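Colleague: Each chain, written out:
Protein chains: 2
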Amino acid sequence: MRHFEERLDELRKRLLEMSGLVESAIYRSVHALVEKDENLAHQVLENESHVNQMEIEIDDMAVRLLALEQPVATDLRFITSAIKINNDLERMGDLAVSIAERALNLMHEAPVNALVDIPYMANLVESMVRKSLDAFVKKDSDLARSVLISDDAVDDLRNGIYNEMVRFMEENPQRIPPALNLIFVARSLERIADHATNIAEDVLFLVEGIDVRHHAETRT
Amino acid sequence: MRHFEERLDELRKRLLEMSGLVESAIYRSVHALVEKDENLAHQVLENESHVNQMEIEIDDMAVRLLALEQPVATDLRFITSAIKINNDLERMGDLAVSIAERALNLMHEAPVNALVDIPYMANLVESMVRKSLDAFVKKDSDLARSVLISDDAVDDLRNGIYNEMVRFMEENPQRIPPALNLIFVARSLERIADHATNIAEDVLFLVEGIDVRHHAETRT
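For the record, the sequence lines run as chains A and B. Take 1 as the starting number for the first sequence in the numbering used here and just add one per residue. Take 1 as the starting number for the second sequence in the numbering used here and just add one per residue.
It should be emphasised that the hints constitute simulated quantities derived from the structure, not laboratory data. Every value quoted in this text rests on a predicted model; they were computed, and no experiment measured them. Glycine included, C-beta positions come from ideal geometry on N, C-alpha and C. Each hint should be verified, as a subset may be incorrect.
What the simulated footprint calls covered on chain B by chain A, stretch by stretch (three residues with Cβ under 8 Å from a Cβ of chain A suffice, anywhere in the stretch; the number is not a length) [stated by the list, open to error]:
no. : region
1   : 78-86
2   : 163-170
3   : 174-180
Label pairs and their in silico Cβ distance ranges [as the list claims (entries may be wrong)]:
no. : chain 1 : residue 1 : chain 2 : residue 2 : range
4   : A       : Asp142    : B       : Asn172    : 46 to 54 Å
5   : B       : Val166    : A       : Arg130    : 33 to 41 Å
6   : B       : Glu208    : A       : Ser24     : 28 to 36 Å
Could you build the full structure based on these sequences and the hints that come with them?
Modeller: So, in structure tokens, the structure goes:
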């Protein structure tokens, strides 16, 4: 059996690999939507089982580490955080699949507005995902805090798109389904951002021992 | 320090207590919506911090058990499942809060149809939550399987409400926002059912060692 430190490192690497897959799924799903690229959407659907498989493997790896190595203190916290982060990543992957499905629904629809804001929102959300994982790997609490700050901007963007889509539906009641699809895309992006925020909160707890879950710390 | 078995039992009891709080939050949020009962909605919002606090306590309890007792095999799996179930319950609590907020939005709106289906869907979802926790506590895999089966019925109900609301909005474009609120309520209920399904899958893994995550087992 390899040394404990090596196995922790392996866990860290696998999480980064999983995060890479999920980031690319988010990126592809949004581009499928904006550029009406059916292939990209199908790639996201096809990769889902890969992400799911990786979640199971990482979970098993973490539980085996807990069982065989019986870590204490920091290492214990690291492994239990890894289990949570793994779960957050898998849910983000599911949300990217939802976006890809919406993209397919909209493939042959005339454009709806708000497509201007969605790529912008998606960029911000993708950067939150990347930063939250970087913060975890580098134990960088400043980076983690920057993720928490972005969460409010994402909520504002989501509300803006929502209001724009309500107006659009009121003026074009014959085009309600495509507008609903975009409302759900914005909501999926917001939920991806929430998962990135969960990860950042875990990092702060891991690094500084500060419990910011449930806004116990004020976000300014 | 108390005996390990007693501490496991304490963890089980706290999870049941948490589940009781979350079930009552779901029940109240839906009744607040259907009966336009503002007090019930506010009770859900006020109880949120209690649910959040309990999540943190259960999480700490589980991690302490892992660290101090260094359990193996079944006990280890039980504790890591408890961590996940705790997380699922907390997210269900958040979804009940969303429903309560939608109920407040709709408090002074004229009735929208679909209010017939939502209480029915809510009943089914509440029973899934209760059964998934019972299955966990009693290690009852048949009960866990019955939760997986209900998940499809919930999806059908959600789709029915969605289609009904789209028709309603097309015919009443001046009443789009209240209809959207009901679409989101149905979606929150569906997501609560997904969390109950996660718990049931964890139970099957715990009891039978069968990994049904990500539909590895066919659901019939």
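Colleague: Are the hints correct? Go through all of them and say.
Modeller: To see whether the hints hold, each was checked on the structure:
no., hint, verdict
1, 78-86, "holds (count 3)"
2, 163-170, "holds (count 3)"
3, 174-180, "holds (count 4)"
4, Asp142(A) - Asn172(B): 46 to 54 Å, "50 Å, holds"
5, Val166(B) - Arg130(A): 33 to 41 Å, "36 Å, holds"
6, Glu208(B) - Ser24(A): 28 to 36 Å, "35 Å, holds"
Consistency note: the structure conflicts with none of the earlier hints.
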